Structures are given as structure tokens and as C-alpha cells.
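Protein chains in written order, with UniProt numbering: chain A, 1 to 389; chain B, 1 to 389; chain C, 1 to 389; chain D, 1 to 389.
What the hints contain is simulated information worked out from the structure, not anything from laboratory work.
Bear in mind the structure is a predicted one, so any value in this text is a computation, not a measurement.
Accuracy of the hints is not assured; some may be wrong.
With a straight-line cut-off of 25 Å between C-alpha atoms, the simulated SDA-like cross-links for lysine to any residue are [claimed, not checked]:
no., chain 1, residue 1, chain 2, residue 2
1, B, LYS6, B, LYS100
2, A, LYS275, C, GLU283
3, B, LYS222, A, THR376
Label pairs and their in silico Cβ distance ranges [to be verified]:
no., chain 1, residue 1, chain 2, residue 2, range
4, B, GLU68, C, ASN130, 48 to 54 Å
5, D, GLY105, C, GLN158, 57 to 63 Å
6, B, GLU343, C, GLU80, 31 to 37 Å
7, B, GLY233, A, LYS129, 49 to 55 Å
8, C, LYS350, B, GLU78, 41 to 47 Å
9, C, PRO384, B, LYS47, 44 to 50 Å
10, A, GLU54, B, ALA155, 40 to 46 Å
11, C, LYS47, B, ARG103, 41 to 47 Å
12, C, ALA345, B, GLU78, 51 to 57 Å
13, B, ALA155, C, LYS47, 34 to 40 Å
14, B, THR348, A, GLY294, 47 to 53 Å
15, A, GLU360, B, PHE292, 37 to 43 Å
Listing some non-contacts, in silico: residues in chain C with all C-beta distances to chain B over 12 Å [unchecked claim]:
no., residue
16, GLU78
17, VAL93
18, GLN295
Using N, Cα and C, we set each Cβ at its ideal position, and we do this for glycine too.
4 protein chains.
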Amino acid sequence: MSTNKKLKIGLVGGGPGSFIGAIHLNGALMDGLFELAAGAFSSNPEKSKQRGEELMLDPSRVYSSYDEMFEKELQLPESERIDVVVIVTPNNVHFDPTAKAIRAGFHVVLDKPLTLNYQEAKELYHIVKNSDRKFLLTHTYSGYPMIKQAKQMIAEGQLGKIHKVYVEYPQGWLYKLLENENNKQAEWRTDPKRNGLAGCMGDIGTHAFHLAEYVSGLQVEKVCADLYIKVEGRPIDDDGVVLMRFNNGASGVLMASQTDTGLENNLKIRVFGDKGGIEWQQEDNNSLIVRFPGQPAQIFRAGTGYLGSLAQENTRTPAGHPEGYVEAFANLYRNFARCIYAERAGETPKPEWEDYPGIEDGIRGMAFIDHVLRSTETDYKWTPFIVEK
Amino acid sequence: MSTNKKLKIGLVGGGPGSFIGAIHLNGALMDGLFELAAGAFSSNPEKSKQRGEELMLDPSRVYSSYDEMFEKELQLPESERIDVVVIVTPNNVHFDPTAKAIRAGFHVVLDKPLTLNYQEAKELYHIVKNSDRKFLLTHTYSGYPMIKQAKQMIAEGQLGKIHKVYVEYPQGWLYKLLENENNKQAEWRTDPKRNGLAGCMGDIGTHAFHLAEYVSGLQVEKVCADLYIKVEGRPIDDDGVVLMRFNNGASGVLMASQTDTGLENNLKIRVFGDKGGIEWQQEDNNSLIVRFPGQPAQIFRAGTGYLGSLAQENTRTPAGHPEGYVEAFANLYRNFARCIYAERAGETPKPEWEDYPGIEDGIRGMAFIDHVLRSTETDYKWTPFIVEK
Amino acid sequence: MSTNKKLKIGLVGGGPGSFIGAIHLNGALMDGLFELAAGAFSSNPEKSKQRGEELMLDPSRVYSSYDEMFEKELQLPESERIDVVVIVTPNNVHFDPTAKAIRAGFHVVLDKPLTLNYQEAKELYHIVKNSDRKFLLTHTYSGYPMIKQAKQMIAEGQLGKIHKVYVEYPQGWLYKLLENENNKQAEWRTDPKRNGLAGCMGDIGTHAFHLAEYVSGLQVEKVCADLYIKVEGRPIDDDGVVLMRFNNGASGVLMASQTDTGLENNLKIRVFGDKGGIEWQQEDNNSLIVRFPGQPAQIFRAGTGYLGSLAQENTRTPAGHPEGYVEAFANLYRNFARCIYAERAGETPKPEWEDYPGIEDGIRGMAFIDHVLRSTETDYKWTPFIVEK
Amino acid sequence: MSTNKKLKIGLVGGGPGSFIGAIHLNGALMDGLFELAAGAFSSNPEKSKQRGEELMLDPSRVYSSYDEMFEKELQLPESERIDVVVIVTPNNVHFDPTAKAIRAGFHVVLDKPLTLNYQEAKELYHIVKNSDRKFLLTHTYSGYPMIKQAKQMIAEGQLGKIHKVYVEYPQGWLYKLLENENNKQAEWRTDPKRNGLAGCMGDIGTHAFHLAEYVSGLQVEKVCADLYIKVEGRPIDDDGVVLMRFNNGASGVLMASQTDTGLENNLKIRVFGDKGGIEWQQEDNNSLIVRFPGQPAQIFRAGTGYLGSLAQENTRTPAGHPEGYVEAFANLYRNFARCIYAERAGETPKPEWEDYPGIEDGIRGMAFIDHVLRSTETDYKWTPFIVEK
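If we strip away everything but chain A, and leave its shape as in the complex, we get (with noise of 0.2 Å):
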């Protein structure tokens, strides 16, 4: 890696009480690609001012909105300026800060999902296609070594003809009225203004359809959708069910729940093809078992020398020294840094560090939102997944 200086970031959001915030900070910094330059962490500038000496930023770098960052910030000598604008706010502060960020001249890492509605995205999507910044869309759980193997033997035909593909995503968290009880995080997600109509499938039904897609390397054609709202009082789904058809005929079964009583974060995800299968969950992310017919199953691990390219270029420590979901946002992180510094010195970068979601599945996540919610409304079973650009 022929560069010499480390990537500067500037963010918008993050303030106190964010999650995701913190996350993305840890990805990002972990493999020293990156650093924080600056930021505009709350709306509440007394709130930003606070949460920028909690993270020894450079009092004078902490802005109290992003359009004041920006303009600032481009009046910065290139050298000393943000290089990269990371966005963690509620889903309804997504489109402002990304096309302006663009337009601006910045690259932009933006948390999912890509906008608040599907108009939005459908206009993000020229706005960032048309421009040369890069943009990544943190689908985390793309990021996992694992994930990434089960892509490549997929993509490898290892499998055969893929013939079906099963998703959940389950959760419990929002198992009764938490957004009355003062939770943050409850709050926005479960409010249509702030997050967008589809709760539960929006939130985390958007994880698991682009890990469909993402490890099958298929495409979704049509769909039929029921979502529930099983905590009564809340005005959007927080559990829900979709029957998917694929591209080459595949069926898929994607699950997503905020209300599986007791659960936490237990993403999982198995493909069947004519030859075989694979099975992942997070909570065991460092294994992938591999089944075929008339063998052991197997249990391929992280950081092993047996694995393809794809999950080499996303590990950092050896078999059996667990990675996590902090290493997974630090490896979409590593993967967007190596791309910006292959640009920079002119260099092609290796197709696995180009392996990042970005716009293209971002378009694709608020279509599988437009599509569920019509889905749901209607009598007929299935519902046809066009995805306008």
C-alpha cells in the first residue's frame, strides 16, 4: 500500500447515545487506515461539542451541522482536509448530507438503509452514479470472512445450480413498547418520519435481502410479503415474512423479526444448490459448514489457509482467534481505504477489495422496502420485483 497518509474522516451523527456511531469509529480506525478529522455529531451543537472532546477531536473540526462542515472543511488545504464523510444518522438524514457530500467532492460511507423512502433513493442513485467519489453503504454483515467464502464457492459453482435460499434475521429487542420507555433507539426506528414506513424490514429485513443476494449472487424477481405488527400501539411492522423468487428460478424465504421474544441478533443465512449447501449464522460467524451429498459436513473456518481469496483479504488474525461484527464493519472499512488508495496512486485496485456494497445495493434495499410494504397490501400472492433507477 503505497500511500502515506492516513484516510480523514469527518461525521455526521453519532452523537451521545448513538450505537452506530461507535461502531462504524471502531471499524474504522482499528487497521489504521483511518482517522477522525472532524465532525458534526449532533444537531444539538452544544451535544456535538460535547461528544467532539469525548473523542479528542480538534475543538476547532467539531461543527454543529454538516452543511457547516462541509463549507469549512473545503476551505481546508486538500492535505489537511476530510477525505471521507462518514453518515450515521436516522434514516430520514440520509439523502441531504450523502448527495450534498458528493456533490461536495467527498467520498461518503453512508449506514443502511440507503434513504428514507424509495423517491429519495431513486434520486441518490444518479446523484452518486454520476459522480467519481466512491460510496459505501455499510451492509455489515457482507463484510463477515465467512460470508465472503460462501460467496466465492457459490460463485464458483461449488454448490451446482442454487435452487433455494433461506434468510433470518431475528431479533427480540422490541418485544413490547420500548419506544415509550424512553429508549432512543426505539424511538426513531419505530417512527415512519424518522425511519421510514417499514420497521422491522426496514431495519434489518434489508440486511438479511442483500445478504441474499450478496452470497447467492442472484436476484430477486418477485416477492410475496406479509408483514405484522405483533406489539399492539406500534404504528409499523416489527416482524414479517417474505417469500422470494430468484432470477435463475431459486426460491428464497427471508424472515425478520424486532419481536422473537428473548432473541438478540442472530443472523443466518443457508443456500442449496444441486450439489451442495453452506450455512452461516453470526453467532458462530467464524464457521461456515459446507454439506455434500454423501460426505461429512464441513466445517470451514476463518483465517485457515484452505480458504479462497475472497475471505483472505478479510481476516486479520489467525484460526481460532475469533473475529466479530466490529472486525466486519472494519473490513468494508479496509476494502473502501484500499480502492481509495489504489485510485490514487493509479492503480487497479484487486477485485476483493472492490467487493463493498454501495449504490447499487442501496437502490436494490429501498426497492425490496417498496416492494414488501405493496406486497403485504395486496390479495395476490405474488407481487413482481421491478427495481426503477
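Fit chains B, C and D to the supplied structure of chain A, relying on the hints for placement.
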């Protein structure tokens, strides 16, 4: 148990190459409550004779047809005559021997599903209901002690109001056209004439359906099914998924497959209520995971003293001495025997003993097959689930 | 199997409150090769009679002592007489009934350990060796199919030269003075007069020792033992560890406990050679983990087609239909029966059938008890392990 | 945390091919409390320079020796100068840089074990104790949140009086003479001159020993060790077992291996008291199994609200978002930083922050190495464990 003789079994089916016949015997014999006294093992007299020898049966009680068996056994003194007819033939040979055995005054144990088709089921329903003979339909999985524990905890309200039931039954053995490779099991199970019109859903989907209703104590009210033929050239479904709604409003997902390449038989069920959730899978059948919010998950274990009466009555080894599939069968048989003994003694059986699947479960299972086939055909999302009797 | 009658069992012990007696029967009866024909269930004639009734035995064949049973049974015509004596009494009643049964011409199944003490063992060894009667010592765990698979793979050299054997048998049920709380099992197992001088090591350490030698194919040559009384007031060991060296130079560690508070019965063994390693635990008894360097771990599963002959001969259900502890017993009994049948038919039994524990295993187990007691007493690290016969 | 600058690290070692150097950096950088400011990465100046470039360090602060680094850094203004020296060299280069760094007034983070031999350890002990500089010895595994939870539960008496500690650290990577295949890690770790006289026991046995004492709160008083060279031609132990007795009379077993063919790094600990027991393994590091008699086992999970303060202070993700090995390092570093910040602010650090391994742990680890080597040599079973300082 104040009785002084073992119950005598007359077996229908279970000839050479049968899988389930041998398992029925293992389960029936294990606890010393039954003995094999007669059999019509095959429609081929030579094969029937051969199997009788293997089983060390008195040759005079090895018959070449069940008709002959019923006739001849009735001529024996009551103390020698068979008490129970056990029927382990393919589905097209369920209705006739069951109806005749009941009418001849025998108790009947029948392997699932009830009959070849819904029409037969409705007829058999009335024959059994109008008789005073006992009838056991071997939905094996409801015989597992930790399944019984789950059922009891839910019935007692420990999980609160149930709002979701997930059940999956993934097998992989039919990932290719095994029926063309001289595999007897594959042959009849993929042959609509012997198996009925639903393949995978009839064979194992019905088990999953039964388990969902048994454990939750709920009843399905509508379904949205999608059945697939994953292996080209197969006449009936080998994979499928069913969305369900229960009579209390709970949602459900049922997945069954015989083409999940590489998988064995890891039936799994999860039920969630507003107070807690349970999880059980056959591969770890002696454990039941119970989760309440804000507490560590608890691993309930078979054979322990803290279990409820339903589980206690359905084990025979202390904790840590694993019981399995054969013991699940044995539990069904033991409960069935206990009820027969109680009746003979003029005693009231314990409710725990009467908790074995019977004709009501059978008719519902056949209705399930009928409805998922119809739902697969229609363009409408939901098909009301109405059991005709 | 060209035979025409079930083997008749005469049971010694197994009265009310017995744990292992009932399990022996489950195992013996399951496959339909044995029937219970007679019993001396308790030294208390009332209790013996009561148990006979529960087991639906002919009252004329319920005896008040094993002496009476042997005498009376010998007076019956050979075709009615018991074939096999099954002895499930406490250890102080092992030697005498076994010796007498053998001398009376019966085959014998005896629960482990062989005898109350080493002296008795040496005497019994010669009685059994000098007789032509068959003798099965129920080291149950060697009946598990995946243990058999491990043994075969090691014998075939698949793991290379074996250099380590880890075996552990952790229970927790004696974490307090249960023997003072009217628990029959705890009473005799902690009473040196009925159990012998080694408590935990005699009861379950001998199982672990047998498994270590059985699976590895090696023999212990020296031991360094440390036995403990963890619960104050108990007269004999309830916990301990033994370092071992085998006859090929391999090292070993054996841990056994009845005071590992909260644990059940998860016997576990791991064996490592210079080419690979295996791991098995009773809680997941249908799986065997096999590891070769530089490859994914492989999960071998019971009931699959890729297993060796030793495992194949010791299952009865297809993959994914779990067998357990009772089936492990049943495997021992079935192999024993097959050998008896083969002998009667003048045929050579398959080597897989002859693979059941017998008198050589018994004397080695008693030598193990003797040596670990002596090693615990000495200040020297190593005590040579020499089996006197 | 009222401070306004990151702690500056000067790294000793961690040149090309180093494993642990990179991990230290990941852990140190993740939480944004440290930055890499200087380094003497290799005794080869070219390699040091190359590594400095990779790490995007200011070339003027890449040194060719740690002596040079200490000298030059002391000439910088205090606000620019490094605060903490992190030493990740082989064991023969632990004493000298640590002693010099401490004397030069830097805080020190040192990879375990403390020194090359016991003699050096005793000397270093006094240098560190007589200084006011802080010292962190990276016994990584004590940084895992669920290990902290176990420690706290035991310290609070939740398991009652502890009577047993099992700890095992099985690796398989040295199952062959990898040191002859140009593997840098294998080379120095099997070289007595760079590694010290205990191979496996020094490298990973010391981790296991630390964990046993850390979690139980007990101290070893005597040992009975048996170390082995399993791979012919290797000069030092690659496998071994140690029996232990603790200062409250509890027994212990410690197993460590680098020749358990096929295994990775699944460090495991179990502790039993008269009221309950715990079990933890690194492969499932976010879970702690807690068992009380007569109750279902409980799975305590990292990131949940029911954990004690020690675990709470050592996580950064909510339950179900797995943390791993790098986060365990990060926890050590974060606590170390918090203590330095507290000192600078004149505040008392929380006890949870001060809970990181230091010089007392270091001297005990070296005593462990010394005693197990001596115990292996003697014919007596027990060797008293006395820590000289």
C-alpha cells in the same frame, strides 16, 4: 400398572427394506409392554414368511395378507389373539387395513399421514370416531420429552400470548432422482399413487404441521403455500414453504424440504409469545432452549427434576443419558399401552398418557395436504383452512 | 440370522428404585432378540414379587434369590430355561452370581465394574476364561456407533501414530451429601462395602478408562493419579484425575468427577495422532468430529453411508434420527446375541459382532481402580500399571 | 474521560511477518484512545523503515533500535513525545527494552510471557514495582467480557467455595516440524534461546495458568507437571499437562498443547464450586455457561443488561453483535488508557479499569514456567509452587 400380560401386536407391512417398520418395533418392544405376535409383512407371501422368520415369529401367525390376519386372529382365543394392529405400509394402504382392523375390534397404530387423500381421511375419521377402539397416529416428534415440556409451558401461559410459530423440516436425501436408482423409499414416496399428491409436504410437512399445532396449542386458520419441484423429472413437490395464520392471530412459517442438499433430518421449532420464547431441534433433542427477555437463555434438559409432568412421564433415563428417535416412538407406544391398560382396569388414565396423536390430528394433517396443494395453485395469497369432517 | 427363538433372560437385581436394571431391559428388548423370562429382582421376596408383576412375568419364575433362580431354571426343559443371566446388582453382588451363573452353564451379562475388588476380579477372570460361556461387561459407551467409527479409523491408521488420549467424565449429582438424603443410588455408590474402595473412579472413571483403551487400541503402562473427596464427610473419592502413559509412548489424561456441580453426564474423548485427531462427546453422540491438518473439520454422522463397518453394524436409524444411550446398550446386547446365535448355528460371527467388552476389559478396569488408589497414596509421580491375572 | 489527547505509542518489534504486533495495534487503535507515533520495528533498519511506511508513520520517528527510539523521543517536547512503549518482540527481547523504557519514564505494554527466564523476571519485577510507571502484560484472554463476568460471579461467592479449576489450551499447528519449513513464528517459539526453556507451556500454558488464577481468584500452591516433546527433533516441549493445588485446597488440571493435530485455539476454562459451576471457551467467547444444581443451565451473553460491572465495562457492542480476540486486546488497552487518564486528571480510576494484568501476573507466570520444568524433571509427584521475588 396392574395388568398381567403384554399387548400383542399384529404388524401390517414392515417387510424387507422397510425403514419405519423396524423402528416401530424397536419403539414398541423397548419398554416390555408389547410383543410381536403376528404379521402380514408383505403382499408377497415369500417375503412375508422370510420377515417372520427374521423376527422369530411363530410361522402359523405369519400371514400373506392383513385380511387373512384379521380373520385368523379372530378365531384364536381372546387371550392369545392380537390386541393391536400396527400398520406401517405406504400411504395407499392405510385406509383399508385401518378401517378393517377397527371394525374387527382391534386397537390400531398407524404410521402418518392418515390416508392417501382427503376423501379417505374424512371417511376414516368417522369410522374411528364411531368406534370404541383406540387409535394412535405416529407423529413421532410429539413423543419427545422436551417437545412435551414446550407444550406444557406454553399451555400454562409461561410464554404469554403466542404470536409466532416457526417450524422447519429440512432433509436433503432427494436432492437427485434417487427414485430412479432402485431406492424403495424414494420410489413410493415420490409416486403420487402410493404416496398421495403432496410429496415432501405430505411426508414431512405434515409432521411439521402437527408439531406446530401440538406445541403451540393453536390451530391454523389460513395458509399461503408455495410448493416446488426442485429436481427435474419428479412428479410431485420435494420442497416448499407455507405461511400460516393461527386462530389467535399468531403468524407462522413452515418450511419443509427433501432437497436441502446435504441435510439429514434436523426438524426444528421455535415459538414466541409476548413473555418468552422456546426453541427445539431434533439434532439436540434432549435440550429445550427457553428465553425470557432480560435474562440468560435457559437450557432445559430431559431427565431432570425441574420438568413438568408431561415431560416427566415421557423419559426413561436420567439427565445426560441421551434418548432419541426410537424413544420418541416408545413414548407414543407406552402412553397408548397405558391407556389400554387403564381402560381394561376400569381406571382413568392420567392426562399425560392420553396425550398421543390420534384421529383428530390425522384429519387435520390430511386437510393440511389438501389446502397447501390448493394454495399453491391459486394466485390469491391466502387460502382459508377449514377442516371438513 | 437363522434362529428361531428369542434369548431368555434371567435378571439378577433391578428391583424397585434400580436405575440401571430398567435400562438394561430397554436395551435388551428393543431389537426383539431377547425376552425377560425369569428374575431374582431383590433379596426382599416381596419386592422381587412386586417387580415381577410390574414386568408382567410369570410368577412361577420370579425368585427370591439368584441361587434359587439358577437351581429352578436348570430343572426346566432346555427350551424353556433362561439362556442368559443379566446381573445389575451393586458391585458387592457381582462376583458370586456371575461365578455361579457361569458354572451353571448360563451366558452372563454383567454391569460394570467387574467386581467389588481386584482380588475377586482375578478369581472371576479365570472362571470366565476357563468356561465356554459368553460374557458381556456393559461398558455402555463402547456401544455408540461413532465411538466404533473412531476406533476403526484409528485402527486403520487414519490418524497416524497416536500420541495423546484425553478422556473426561464429569458429573455433578454428588455435589452434596445426597447419600444422607435417602437417595438409594447415592447410598450404595458412596459405600465402600457395596461399591468398593474407589468411588467416582470406580463408578465412572472405569468407563472413561475403558473408552480410552477401546478407542485408541492402546494399553496403559503407568499412571499418576490424584483422587479427591470434595464433599466433606464422604468416605470415598468423588472426583479425580489420572495422568497416563500408553504402551506406544502416548500420553493420556483422564478426568472423572461426580462433584462438577451442575453437570450431567457428558463423557468426552479426544484422541490425537500425527496425522489427525478425533473428538466425541456423549451429549452429541451421533456426531464424531474428525480433523486433519490444513483441512476443514469434518462431522461424521451416525447412520450415514460413508461410515466403516463397525459403525454400520451398530445403528438402526438413518442419519438424523438420533439414537442414544439405550441404543448403545442395545448394540452391546445385539452383538452378544448375534454371537450366541452364530455359535448355535455353527457359524463364525462377524468380527464387528464380537467387538463387545468382556472379561479382559473387566480385569483391566479393576486393575485401573487398584492402581489409581495406590498412586494416590504414594509420593512418587508414576506407578507402573501391571495387570495381574 | 476528561482528557484531550490520544496516548502516543512507540512500538518495539512488530516488523514484517510479526503476528502479534499487528493485533496489538488493532486493539490499541480501535477505541480511538491511542495513536501510533513512533516505532523500532526491526533490528534490520531497512525492514523497520519499510514497516514504518506501511503504517504511514512519520519517517523521522521510525528508528533502527529501541535504544535510539527512547533517546530521540526524550528529546521531543513532552506533548509530542510517545507516552507508552509497546513491546511485541520475542521473549529474549522483553527484559531489556522494558527495563529501559520504564527507566526512561514511559508506560509499558509488554506481550507475555514477562521475560526469557525466571532470573530476568525477578529483576524486572523490582524495576517495575519501584517505578511509578504503569505496566500492562497482555494476557489477552483476561480481557474477554465473559471471563470478567465469571471472575466477578466467583468473587461474589455465587459459585460457593471453589473446589476445581479445569483449563485447557489446545492448539495443533506444531503437529509437525514447521520450524524447518521457514515459518518465522514456529522458528522462534521452538528456539530455547529466543523463547526460553518451556515451549508450549511458556507460550500458551502461561495464558492458561493466568486465566485459572484470574478467574478463580485463587493461587497455585503446588504442581505436578508432565511435559512432552511429541514431534521428534524438537528441542522443547510442545505438549503437556499440569495438576495443580490451590491455596484454598481446590484441585486443578491444566492442559496445553501445540500438537493436538487439527485444533486451532479453543482455550477453555471450567470452574466448579459447591454451589455452581461456570464454563467458557474462546470459540464461543460471547457466552458464559453458568450452572446451578437442580436448575436449567443458563447462557450468560456479552452485551446484555444483566451482567456485572466488570463485564459491562469491557464491551462495546450490544448483545448478539459478536466481539472477539481483537476486542479482548482492546479491552486491556482501554482499561490501561483509562487508568493513565485518571492519573493525569488526579482522579481515582474505577476498580474495573484497574483490572488488567501487570507485573504480579508476570512474575507468577515465569514462576509457573520454572516450576513445571522442575516438576517434569523430578520423580516426586508434587513440587511446591513458591514465587520468589
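Hints, verified against the model:
1. LYS6/B to LYS100/B: Given pair LYS6/B, LYS100/B holds - Cα atoms ~23 Å apart, limit 25 Å.
2. LYS275/A to GLU283/C: At roughly 31 Å apart (the allowed maximum being 25 Å), GLU283/C and LYS275/A break the hint.
3. LYS222/B to THR376/A: The given pair, whose Cα atoms are some 15 Å apart, holds under the 25 Å limit.
4. GLU68/B to ASN130/C: 48 to 54 Å: 52 Å, holds
5. GLY105/D to GLN158/C: 57 to 63 Å: 59 Å, holds
6. GLU343/B to GLU80/C: 31 to 37 Å: 32 Å, holds
7. GLY233/B to LYS129/A: 49 to 55 Å: The hint (49 to 55 Å, Cβ to Cβ) is violated, given that GLY233/B and LYS129/A are roughly 44 Å apart.
8. LYS350/C to GLU78/B: 41 to 47 Å: 43 Å, holds
9. PRO384/C to LYS47/B: 44 to 50 Å: Given a distance of about 59 Å, which is not inside 44 to 50 Å, the answer is violated.
10. GLU54/A to ALA155/B: 40 to 46 Å: 51 Å, violated
11. LYS47/C to ARG103/B: 41 to 47 Å: 44 Å, holds
12. ALA345/C to GLU78/B: 51 to 57 Å: At roughly 37 Å between Cβ atoms, GLU78/B and ALA345/C fall outside 51 to 57 Å, so the hint is violated.
13. ALA155/B to LYS47/C: 34 to 40 Å: The hint (34 to 40 Å, Cβ to Cβ) holds, given that ALA155/B and LYS47/C are roughly 37 Å apart.
14. THR348/B to GLY294/A: 47 to 53 Å: Distance hint for THR348/B, GLY294/A holds at roughly 51 Å.
15. GLU360/A to PHE292/B: 37 to 43 Å: With a Cβ separation near 42 Å, GLU360/A and PHE292/B satisfy 37 to 43 Å, so the hint holds.
16. GLU78: 17 Å, holds
17. VAL93: Holds, since 22 Å exceeds 12 Å.
18. GLN295: 17 Å, holds
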